[in-house]
Every structure is written in C-alpha cells, then in structure tokens.
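Number of protein chains: 4
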Amino acid sequence: MEGKLVLIGDKAFIWYKGDLHTHKGVISKEKLKQYGRVETHKGVEAYILPLTIPDYIAKIKRGPAIIQPRDFGIITGLTGINKESIVVEAGTGSGAMAIMLANIVKMVYSYEKRKDFYRLAKKNIEKLGIKNIMLKNKDIYQGIDERGVDLVFLDLPQPWLAVRPAFQALKTGGFLVVYTPQISQAQELVRNAKGFIHISTIQPSCIEWVIGEKILRPRHIQRIHTGFITIMRKTEND
Amino acid sequence: MEGKLVLIGDKAFIWYKGDLHTHKGVISKEKLKQYGRVETHKGVEAYILPLTIPDYIAKIKRGPAIIQPRDFGIITGLTGINKESIVVEAGTGSGAMAIMLANIVKMVYSYEKRKDFYRLAKKNIEKLGIKNIMLKNKDIYQGIDERGVDLVFLDLPQPWLAVRPAFQALKTGGFLVVYTPQISQAQELVRNAKGFIHISTIQPSCIEWVIGEKILRPRHIQRIHTGFITIMRKTEND
Amino acid sequence: MEGKLVLIGDKAFIWYKGDLHTHKGVISKEKLKQYGRVETHKGVEAYILPLTIPDYIAKIKRGPAIIQPRDFGIITGLTGINKESIVVEAGTGSGAMAIMLANIVKMVYSYEKRKDFYRLAKKNIEKLGIKNIMLKNKDIYQGIDERGVDLVFLDLPQPWLAVRPAFQALKTGGFLVVYTPQISQAQELVRNAKGFIHISTIQPSCIEWVIGEKILRPRHIQRIHTGFITIMRKTEND
Amino acid sequence: MEGKLVLIGDKAFIWYKGDLHTHKGVISKEKLKQYGRVETHKGVEAYILPLTIPDYIAKIKRGPAIIQPRDFGIITGLTGINKESIVVEAGTGSGAMAIMLANIVKMVYSYEKRKDFYRLAKKNIEKLGIKNIMLKNKDIYQGIDERGVDLVFLDLPQPWLAVRPAFQALKTGGFLVVYTPQISQAQELVRNAKGFIHISTIQPSCIEWVIGEKILRPRHIQRIHTGFITIMRKTEND
Chain X
1 MEGKLVLIGD KAFIWYKGDL HTHKGVISKE KLKQYGRVET HKGVEAYILP
51 LTIPDYIAKI KRGPAIIQPR DFGIITGLTG INKESIVVEA GTGSGAMAIM
101 LANIVKMVYS YEKRKDFYRL AKKNIEKLGI KNIMLKNKDI YQGIDERGVD
151 LVFLDLPQPW LAVRPAFQAL KTGGFLVVYT PQISQAQELV RNAKGFIHIS
201 TIQPSCIEWV IGEKILRPRH IQRIHTGFIT IMRKTEND
Chain P
1 MEGKLVLIGD KAFIWYKGDL HTHKGVISKE KLKQYGRVET HKGVEAYILP
51 LTIPDYIAKI KRGPAIIQPR DFGIITGLTG INKESIVVEA GTGSGAMAIM
101 LANIVKMVYS YEKRKDFYRL AKKNIEKLGI KNIMLKNKDI YQGIDERGVD
151 LVFLDLPQPW LAVRPAFQAL KTGGFLVVYT PQISQAQELV RNAKGFIHIS
201 TIQPSCIEWV IGEKILRPRH IQRIHTGFIT IMRKTEND
Chain U
1 MEGKLVLIGD KAFIWYKGDL HTHKGVISKE KLKQYGRVET HKGVEAYILP
51 LTIPDYIAKI KRGPAIIQPR DFGIITGLTG INKESIVVEA GTGSGAMAIM
101 LANIVKMVYS YEKRKDFYRL AKKNIEKLGI KNIMLKNKDI YQGIDERGVD
151 LVFLDLPQPW LAVRPAFQAL KTGGFLVVYT PQISQAQELV RNAKGFIHIS
201 TIQPSCIEWV IGEKILRPRH IQRIHTGFIT IMRKTEND
Chain F
1 MEGKLVLIGD KAFIWYKGDL HTHKGVISKE KLKQYGRVET HKGVEAYILP
51 LTIPDYIAKI KRGPAIIQPR DFGIITGLTG INKESIVVEA GTGSGAMAIM
101 LANIVKMVYS YEKRKDFYRL AKKNIEKLGI KNIMLKNKDI YQGIDERGVD
151 LVFLDLPQPW LAVRPAFQAL KTGGFLVVYT PQISQAQELV RNAKGFIHIS
201 TIQPSCIEWV IGEKILRPRH IQRIHTGFIT IMRKTEND
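Going down the list, the protein sequences come from chains X, P, U and F. By this note's numbering, the letter at position 14 of the first sequence is numbered 14, and the numbering carries on one by one without gaps. By this note's numbering, the letter at position 123 of the second sequence is numbered 123, and the numbering carries on one by one without gaps. By this note's numbering, the letter at position 8 of the third sequence is numbered 8, and the numbering carries on one by one without gaps. By this note's numbering, the letter at position 49 of the fourth sequence is numbered 49, and the numbering carries on one by one without gaps.
Since the hints were made in silico from the structure, they are not lab data. Don't take every hint at face value.
You can't tell identical chains apart in this list, so a pair holds if it fits in one copy or across any two.
Below, simulated DSBU-like cross-link-like pairs (lysine-lysine); rule was C-alpha separation at most 30 Å, straight line [what the hints assert, rightly or not]:
| hint | residue 1 | residue 2 |
| --- | --- | --- |
| 1 | Lys131 | Lys106 |
| 2 | Lys17 | Lys4 |
| 3 | Lys33 | Lys214 |
| 4 | Lys113 | Lys33 |
| 5 | Lys4 | Lys106 |
| 6 | Lys131 | Lys24 |
| 7 | Lys59 | Lys83 |
| 8 | Lys24 | Lys127 |
| 9 | Lys113 | Lys214 |
| 10 | Lys33 | Lys138 |
| 11 | Lys171 | Lys127 |
| 12 | Lys214 | Lys131 |
| 13 | Lys115 | Lys24 |
| 14 | Lys123 | Lys194 |
| 15 | Lys122 | Lys42 |
| 16 | Lys83 | Lys214 |
| 17 | Lys42 | Lys214 |
| 18 | Lys113 | Lys24 |
| 19 | Lys131 | Lys59 |
| 20 | Lys214 | Lys115 |
| 21 | Lys138 | Lys61 |
| 22 | Lys113 | Lys4 |
| 23 | Lys11 | Lys138 |
| 24 | Lys42 | Lys171 |
| 25 | Lys42 | Lys106 |
| 26 | Lys194 | Lys122 |
| 27 | Lys214 | Lys138 |
| 28 | Lys29 | Lys115 |
| 29 | Lys42 | Lys138 |
| 30 | Lys42 | Lys113 |
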C-alpha cells in the first residue's frame with residue numbers, strides 16, 4: 001500500500017509525496033523516507049508509520065456515511081470470510097467498505113447506482129492501487145451478475161429490495177449481511193428474508209474507556225451507535 | 001476446509017465422514033455429499049452447508065475460554081491485518097484465535113507454555129488442515145523469536161510481562177493488541193506500555209435483538225461482556 | 001410496613017408471623033422479634049432486616065411481568081414526583097408499580113381492566129397495609145375519572161389508546177410516562193402524542209459489575225433489557 | 001415550590017419574578033401568572049409550566065459535577081426510601097442530591113467540608129424554600145452525628161474513609177450507597193465494606209433514542225457514562 005501515516009500529537013496525516021506541511025511545521029521528503037521518530041522544522045516531534053487500511057479509512061474523502069472499521073471487523077469475524085472469498089457489496093458510497101473487504105478477500109464486486117459516488121469511489125480506490133475491486137455503476141435492486149458468491153453485503157436505504165438478487169448470487173451457505181441505521185429497516189428486512197435462515201440482528205457498540213493512574217471509567221460522551229447489522233444465511237439452491 | 005455444517009432446528013453439527021447420527025434421526029453419508037435441504041431418516045428437515053471458521057469455532061474442543069469471532073473481527077477491523085500480515089499470538093489455548101487469524105493473514109506464530117493446551121490446539125488445527133500456523137510450546141514472557149511482525153496479540157494473565165518482547169518483535173507502526181477479562185488488567189498494561197502510542201481500550205458489546213412481527217427489542221438476558229480489548233502501536237525501532 | 005426480611009446466604013425470605021422454615025433450618029418466632037444476626041436451629045447464619053418495598057417487590061406474587069425498582073426509580077427521578085403528587089397508573093397487573101409509587105407519592109389511582117389481576121393486586125396491596133392506593137376495575141382506554149394529576153403512567157399493550165384520557169387527566173406541565181417492552185410500541189405512541197412536548201424515549205440499562213481482589217468486570221451474562229421508557233409533558237389546558 | 005418553567009423551543013428558563021427576558025423576546029410578568037401557551041413580545045411561542053425538581057436541577061448553579069436525576073432515581077428505586085426516611089449524605093456540593101432527596105424523604109442531613117460549596121448549596125436550597133435539609137459544614141470522614149438512619153449516600157473522592165461512620169449512623173438493614181466516577185474507587189470501597197452485605201455495583205446507562213416516522217435508532221453520540229453506583233446493606237448493630 002502506498003503512502004505513509006504521520007502522527008503529530010493527536011493529529012494524523014497521510015503522506016504520498018513531496019514535503020509534508022502541517023500545523024506544527026514542515027517535514028521534508030528526505031525525512032519521510034524513513035519510519036519512526038522525526039522532528040518538523042519547528043522541532044515538534046512526529047512519528048512516521050506504515051499506512052494501514054483503517055488509517056486510510058479514517059481520512060477517506062467521503063460522500064455518504066461510511067461503515068466503521070469496527071463494524072466491518074465484526075462482519076468479517078461472524079462470516080469467516082477469507083483470502084478465497086468472493087464478495088458482492090452495494091452501495092459503494094465512497095468505497096470504504098469495498099476497500100476494507102478487498103484487504104482480506106479475493107475479489108469484491110461493488111454496485112453503486114449514483115454516478116457521483118461511483119466516481120468518488122473510483123478515485124479513492126485508485127489512490128491506494130487496489131486491484132481486486134470491480135466497481136459497477138449499476139442498481140443492485142435490478143439484479144446481481146455474479147453467482148456462487150460467499151457474502152453479499154448491503155448498505156442501502158431499502159435493502160429488502162435486494163434480497164432476491166442476493167439469494168440468486170449467493171452459494172448455498174453464503175451470507176447476506178445488511179447494515180441499517182434504523183432498527184425499523186432491520187425489521188422490514190427480516191419480514192422479507194425468504195430463503196434465508198439463522199437470521200440475527202445485532203447492535204454493535206464499543207465503549208471506549210479512559211485509563212490513567214487514578215482514572216478508570218468509560219468516556220463520558222461518545223459515539224454509542226453506528227448501525228444495526230443483520231446476518232442471515234442462504235440454505236438452498238434456487 | 002474439510003467438513004460440513006448440518007443444521008437441524010437450532011442445533012448445529014459438524015460432519016467429517018460416515019453417517020451423521022443426531023437427536024432427530026440419521027442422515028446417510030450419501031445425502032451428506034450434497035448441500036441444501038435434506039431429511040433425516042425420521043423425516044426431520046436438515047440443512048447441509050459449507051463449514052466456515054466461525055461455525056468451527058463455535059464447536060471447537062476447548063480448554064480455556066476462547067476469543068469470540070466478534071472480538072476477533074473487531075481486532076481485524078481496527079488493525080487492518082490482511083493477506084500479507086505476519087502475526088504472533090499467545091497463549092494459544094485451544095487454538096481458536098490462531099485459527100481465526102490464519103484464515104485471513106499470511107502466517108501465525110502461536111506461543112503456548114502449557115503442554116496440554118499445546119497438544120489440544122495442535123489437534124484442533126490439524127483437523128482443519130491449516131498450514132499457516134506455527135505452534136510453539138514456549139513461554140512468550142521469555143521472548144519472541146520473530147522480528148518485523150505486524151501484530152502481536154496477547155490473551156494472557158499478565159500481559160504486561162510480554163510488552164518488551166512484543167516491542168522487539170513488532171515492526172515500526174505494528175500493533176500490540178491485548179485481550180483482558182478484567183479492566184484492572186488493562187490498567188496495569190497501560191501503565192507498562194513503554195514505547196507504544198495511540199493506546200486505547202474498548203469494551204466491545206454486541207446487543208442481540210429479537211425481531212418479529214410485533215416484537216422489536218433487545219434480547220432480555222444475554223452475554224453482555226466478553227473481555228476488554230486494548231490496542232496500541234509501536235512507534236520506533238529499538 | 002409489616003413483615004421482616006430474612007437473608008440466608010443468597011436467599012431472601014419475607015416473614016410475617018410464626019416460625020420461619022427455610023432450606024437451612026428453622027428460625028423461631030422468638031428470634032424473629034429482633035433485627036441482626038441470628039442462627040437457624042441447624043446453626044446456619046441468618047440476618048433479620050427491616051423489610052423495604054424493593055425487597056417486597058422482588059418476592060411479590062405476580063401475574064404479568066412487573067416494572068423493576070430501577071425503572072420505577074428512573075421515572076421518579078425524571079419526573080420529580082414527591083409527597084404531594086397525585087398519580088394515575090394502568091394496568092395495575094400484580095400491583096407492583098402502584099405499591100412503589102404509593103411509597104413516595106400522596107395518592108395513586110390504579111386502573112386494571114382484568115378482574116383476575118385486579119384481585120391479585122388487591123391482595124398484594126392489602127398484605128402491606130397500604131392506604132393511599134385506589135384500585136379501579138376499569139378500562140383506562142375508556143377514560144380517566146381524575147383531573148389535575150401530576151403523572152399518568154401506562155404499562156399497557158396499546159398505550160396510544162390512552163393518550164387522550166391522559167391528556168384530559170393531567171394538569172398543565174404534568175407528565176405522561178409510558179413503559180413499552182418493544183421500541184415499535186414507543187414509535188406508535190410518539191406518532192400519537194398530540195398535545196404533548198419534550199418527548200423522549202430512553203432504553204435504561206444497568207450493567208452489573210463483579211468486583212473482587214482480582215476481578216473487575218461486568219457480569220458476563222445478565223439482564224440487559226427490561227423495557228423502553230417514553231416521557232412527555234402536557235403543555236396546555238384542553 | 002416557587003418559580004415557573006418557561007420553554008421556548010429547546011431552551012428552558014426558570015422564572016421567579018418580574019418580566020422574563022429571553023433570546024426570543026420578552027414575556028411580561030402578567031402573562032407569567034398563568035400556565036400554558038403564551039407568546040413573547042416578538043410573537044414567538046412559549047410554554048409556561050409548573051417547575052419540577054429535575055427542571056431546577058438542570059439549571060442549578062453548580063460547583064462540582066452533580067448527580068443526574070436518573071441516577072438519583074435509581075438509588076430511590078433500589079433502596080425504597082420514602083416519606084418516612086431519614087437520610088445522611090456527603091459531600092453536598094451544589095446541593096443537587098440533597099434537594100432531590102428532600103423532595104421524597106422526611107429529613108436530609110448533608111455534610112460538606114468546603115466552605116465555598118457549603119455556601120453555594122445553602123443559596124440553592126434557600127431559593128427553593130426547602131425546609132427538610134440540614135446542611136452541615138463538617139467533614140464526614142470525622143464522623144456522623146445522626147443515628148438510626150435509613151440511607152447514607154456518599155459522593156466523595158475517598159468514600160472508604162466514611163464506611164465506618166456510615167456503619168455507626170445506619171440502622172440495621174439500612175443502605176450505604178456510594179457514587180464513584182471511577183470503577184477503581186468502587187473496588188477500593190468494596191475492599192473496605194466491613195459489616196455490610198448484599199454489596200452490588202452497577203453501571204447505569206440510559207440510551208436515548210431518536211424516533212421519527214422513518215427514524216428509529218439510538219442517538220449516535222451521547223452521554224454513556226455518569227458514575228458507578230455501589231449499594232450495600234448494614235446487617236448488624238455495632
């Protein structure tokens with residue numbers, strides 16, 4: 001993966017080339033060749049680290065809200081997707097979920113109806129030089145081209161309209177995972193989950209703690225909700 | 001991956017060979033060659049599905065408590081580990097975490113001091129035919145052999161004793177992730193996290209919902225706690 | 001309040017008169033005249049304590065599910081009801097909420113349509129010798145007799161059918177508080193909350209911790225959900 | 001209780017006398033004699049409601065952090081305190097807890113070591129005309145004057161130093177309730193809870209929901225932590 005992560009205090013920067021100009025001074029491109037501790041021209045301490053996908057996602061140029069790395073991770077853990085997996089996802093949005101999936105699976109087919117999001121995702125993906133995502137400027141409600149896929153992931157306003165296409169695309173035992181901001185959307189989805197079993201909906205929440213010598217408590221105010229994750233499994237061939 | 005998953009109602013079975021004897025009747029080995037819906041000899045409906053890693057983990061022969069697939073997933077998402085990653089983990093226990101990691105990374109080195117757990121893990125791993133785990137019957141507190149690793153994961157009673165070995169094993173920017181049942185262990189760890197930055201401790205919890213036509217609420221009684229996850233990042237070479 | 005609480009290990013007993021027979025032996029009525037530490041005839045340690053309302057609620061003879069003392073408390077705290085308050089509540093069920101309310105307010109009018117619950121509640125209330133509850137074997141959907149009340153509390157399958165009666169019964173600024181097991185019921189209620197402002201719905205949860213010398217974590221499996229509490233305030237006279 | 005609550009949109013004002021000047025215009029003292037809907041001189045809609053204790057607490061002039069009405073309520077519910085109860089509490093701080101307690105119990109004795117907080121609390125209490133609080137400018141670690149009390153409530157940096165005084169002040173079966181921001185304080189307290197049984201520590205959290213025609217989810221970012229509540233019960237006379 002191209003690029004490096006530069007940390008100055010609580011701030012994070014992604015560097016691709018040239019000198020890096022920050023609020024705490026400049027770091028020359030020579031210094032940026034190495035990893036570890038350096039100083040800006042103002043003498044402020046900075047750390048140069050290899051860039052990871054979650055670092056990149058945190059800074060991604062985004063249109064719509066994106067799936068958090070934590071929630072992506074939960075989906076990974078619960079479905080067991082791996083280096084051999086074929087995944088279909090929609091809608092692409094800024095491409096964050098496709099990028100995170102591509103990081104661990106074999107191939108990602110990503111459907112996005114809107115031309116502007118399609119272009120945004122294309123740019124975000126190209127910047128990272130990722131090769132195993134095929135972006136499609138198509139409406140997934142109209143059908144999925146692929147067959148025998150391991151996972152269909154949906155982050156759409158009316159995911160129940162894509163249940164039938166997902167059923168056709170999935171292999172037996174494959175997973176349909178749907179992310180919905182509202183619990184009422186999950187309910188509507190479950191109502192329409194024909195052909196799927198082992199349906200479960202979870203509300204993931206990761207409480208952050210503050211830890212110090214005399215401090216040991218959850219952060220008072222924090223993001224407590226992202227979205228609901230509904231997981232189900234296809235049981236039969238059509 | 002060898003084996004198949006057989007679902008009968010709420011019960012799940014892992015089948016490797018021969019006829020499958022269940023509480024609802026026998027499924028012959030001929031029927032078990034296919035996927036999808038079949039019936040036991042008593043006429044009870046069963047589903048044969050491909051086996052996934054989380055299916056296997058749910059049934060694994062275990063000694064100590066194991067990391068849940070959800071928590072494994074969160075670690076995956078937050079660290080961005082992938083097909084190229086080299087991971088060191090300890091203690092192996094029944095091998096569940098090593099197996100889940102091996103499913104998505106390049107190579108896992110797993111340290112287990114106790115001979116009995118080492119043997120149990122070996123058996124669990126061999127049954128799945130996994131090749132990219134190197135089990136070591138060694139005490140990680142005494143040191144880590146590997147260098148330049150992307151992630152060190154610890155699930156140990158006194159993880160702070162492994163911070164120095166982890167620092168030496170990790171590449172710059174690599175992650176140390178520690179799982180502790182008690183928040184007081186996380187505090188002790190943070191006290192001793194010399195050389196690491198971006199330290200954060202989270203309490204993951206996934207609330208399960210019950211969804212029906214007239215039901216829309218969290219499950220009344222459920223597992224609300226597994227363990228605390230502390231994540232930190234190595235900043236410099238030694 | 002009549003009766004005493006007797007604790008033997010984790011078990012709690014309510015004693016009214018005569019000798020107390022327990023799984024750990026008998027405590028004679030003479031010993032039960034005092035408070036503090038005593039022994040059963042088998043030499044097992046027991047504690048005799050004054051009986052409180054939450055002790056009684058934990059042991060109440062119940063028909064339907066009851067509001068927990070915690071949730072009752074949250075309603076008390078958020079509405080500021082006190083020694084001068086007049087409260088209407090429905091449905092009575094086993095009388096638990098009426099009893100808890102009567103413990104802190106001036107007068108409780110409690111509506112219960114079902115004859116069997118009405119009788120059960122009557123018995124539970126009489127056993128405690130409570131005077132400030134007026135039980136009514138009436139359907140609150142048909143109207144509330146009282147006027148100028150401070151709080152109307154509803155624990156009913158279709159609480160939206162009682163919004164209009166509640167509006168008429170409440171004084172300006174009075175609170176309508178509704179307890180619903182399902183979040184979808186809260187949504188339906190909010191849709192029908194004409195005449196009310198400051199509407200908020202909360203999901204109360206009290207995580208229990210386990211604390212020991214080396215233990216400091218939430219209880220692994222516990223009751224995480226009771227019901228949703230929706231609070232709103234009447235703004236005007238009719 | 002003196003004063004009235006005036007609501008304009010999301011803003012709340014407490015009015016005692018004279019014209020009320022707001023960001024949306026003036027409400028004359030004549031208009032403020034009634035309850036219900038009025039308009040400011042700029043024609044903006046306002047609601048005049050009776051003032052409740054939680055309304056007052058939300059606006060209280062405060063020094064240190066205060067207990068939230070929800071947490072006060074939980075304590076009320078779990079201890080069963082009522083119109084007959086005698087309560088001791090420390091430290092007084094701005095007086096919020098003493099005021100909420102006085103709203104439902106017979107008598108509150110409130111200990112505050114710091115002169116500045118003592119004066120602040122005195123002013124806050126007098127403004128409401130509350131008679132059943134006795135403020136004491138004393139250090140509770142040095143002892144409690146009262147005996148036979150039903151509840152001792154502590155909100156102090158080192159509550160374990162007041163366990164012995166609390167034991168002496170409480171009647172048999174009485175409750176010691178301690179509020180601590182940090183879970184480590186709760187642990188230290190439990191270590192020192194000699195003479196008490198039925199010790200439990202809870203982490204109260206009330207998730208707020210957002211409800212609309214197409215919205216049904218927890219508020220994304222919210223206060224998830226206030227403090228830990230530890231409850232225990234005195235078993236014997238000294």
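Hint check results:
For the homomeric pair Lys131 and Lys106, the shortest alpha-carbon distances inside one copy (10 Å) and between copies (18 Å) are both at most 30 Å. Proximity of Lys17 and Lys4 under a CA criterion of 30 Å is satisfied intra-copy only: 9 Å inside one chain copy versus 50 Å between copies. For the identical chains of this complex, Lys33 and Lys214 are neighbours neither inside a copy (40 Å) nor across copies (46 Å), given an alpha-carbon limit of 30 Å. Taking the shortest Cα distances, Lys113 and Lys33 never come within 30 Å of each other, neither inside one copy (40 Å) nor across copies (40 Å).
In the homo-oligomer, the alpha carbons of Lys4 and Lys106 lie at most 30 Å apart both inside one protomer (24 Å) and across protomers (22 Å), since each shortest distance falls under that limit. Taking CA atoms no more than 30 Å apart as the test, Lys131 paired with Lys24 passes in neither setting, with 35 Å inside one copy and 48 Å between copies. In this homomeric assembly, Lys59 and Lys83 come within 30 Å of each other (Cα to Cα) both inside a single copy, at 26 Å, and across copies, at 23 Å. Taking the shortest alpha-carbon separations for Lys24 and Lys127, only the intra-copy value of 26 Å comes in at or below 30 Å, while the best inter-copy value is 50 Å.
For a Cα distance limit of 30 Å, the shortest separation of Lys113 from Lys214 across copies, 22 Å, qualifies, whereas the shortest one inside one copy, 52 Å, does not. In this assembly of identical chains, the alpha carbons of Lys33 and Lys138 never lie at most 30 Å apart, being 41 Å within a copy and 37 Å across copies at closest. When the C-alpha separation of Lys171 and Lys127 is checked against a cutoff of 30 Å, the pair qualifies only between copies, where the shortest distance is 24 Å, while the shortest distance within a copy is 32 Å. In this assembly of identical chains, the alpha carbons of Lys214 and Lys131 never lie at most 30 Å apart, being 48 Å within a copy and 38 Å across copies at closest.
In this assembly of identical chains, the alpha carbons of Lys115 and Lys24 never lie at most 30 Å apart, being 38 Å within a copy and 44 Å across copies at closest. Taking the shortest Cα distances, Lys123 and Lys194 never come within 30 Å of each other, neither inside one copy (37 Å) nor across copies (39 Å). For the homomeric pair Lys122 and Lys42, neither the shortest alpha-carbon distance inside one copy (37 Å) nor that between copies (52 Å) is at most 30 Å. For the homomeric pair Lys83 and Lys214, neither the shortest alpha-carbon distance inside one copy (44 Å) nor that between copies (38 Å) is at most 30 Å.
Proximity of Lys42 and Lys214 under a CA criterion of 30 Å is satisfied in neither setting, with 34 Å inside one chain copy and 47 Å between copies. Taking the shortest Cα distances, Lys113 and Lys24 never come within 30 Å of each other, neither inside one copy (41 Å) nor across copies (45 Å). When the C-alpha separation of Lys131 and Lys59 is checked against a cutoff of 30 Å, the pair qualifies only within one copy, where the shortest distance is 20 Å, while the shortest distance between copies is 36 Å. For the homomeric pair Lys214 and Lys115, the shortest alpha-carbon distance between copies (26 Å) is at most 30 Å, but the shortest distance inside one copy (52 Å) is not.
Taking identical chains as interchangeable, the C-alpha atoms of Lys138 and Lys61 lie at most 30 Å apart only when both belong to the same chain, with a minimum of 21 Å there against 45 Å between chains. Neither within a single protomer nor between protomers do Lys113 and Lys4 lie at most 30 Å apart by alpha-carbon distance, with minima of 32 Å and 37 Å respectively. For the identical chains of this complex, Lys11 and Lys138 are neighbours neither inside a copy (37 Å) nor across copies (39 Å), given an alpha-carbon limit of 30 Å. For the homomeric pair Lys42 and Lys171, the shortest alpha-carbon distance between copies (27 Å) is at most 30 Å, but the shortest distance inside one copy (58 Å) is not.
Neither within a single protomer nor between protomers do Lys42 and Lys106 lie at most 30 Å apart by alpha-carbon distance, with minima of 45 Å and 41 Å respectively. In this assembly of identical chains, Lys194 and Lys122 lie within 30 Å of each other by CA distance neither inside one copy nor across copies; the values are 34 Å within and 41 Å between. Taking CA atoms no more than 30 Å apart as the test, Lys214 paired with Lys138 passes between copies only; the shortest distance there is 26 Å, against 55 Å inside one copy. Proximity of Lys29 to Lys115 under the C-alpha cut-off of 30 Å is found in neither arrangement, the shortest distances being 36 Å within a copy and 51 Å between copies.
Taking the shortest alpha-carbon separations for Lys42 and Lys138, neither the intra-copy value of 50 Å nor the inter-copy value of 47 Å comes in at or below 30 Å. Proximity of Lys42 to Lys113 under the C-alpha cut-off of 30 Å is found in neither arrangement, the shortest distances being 47 Å within a copy and 48 Å between copies.
Taken one by one, the earlier hints fail for this structure at numbers 3, 4, 6, 10, 12, 13, 14, 15, 16, 17, 18, 22, 23, 25, 26, 28, 29 and 30, listed in ascending order.
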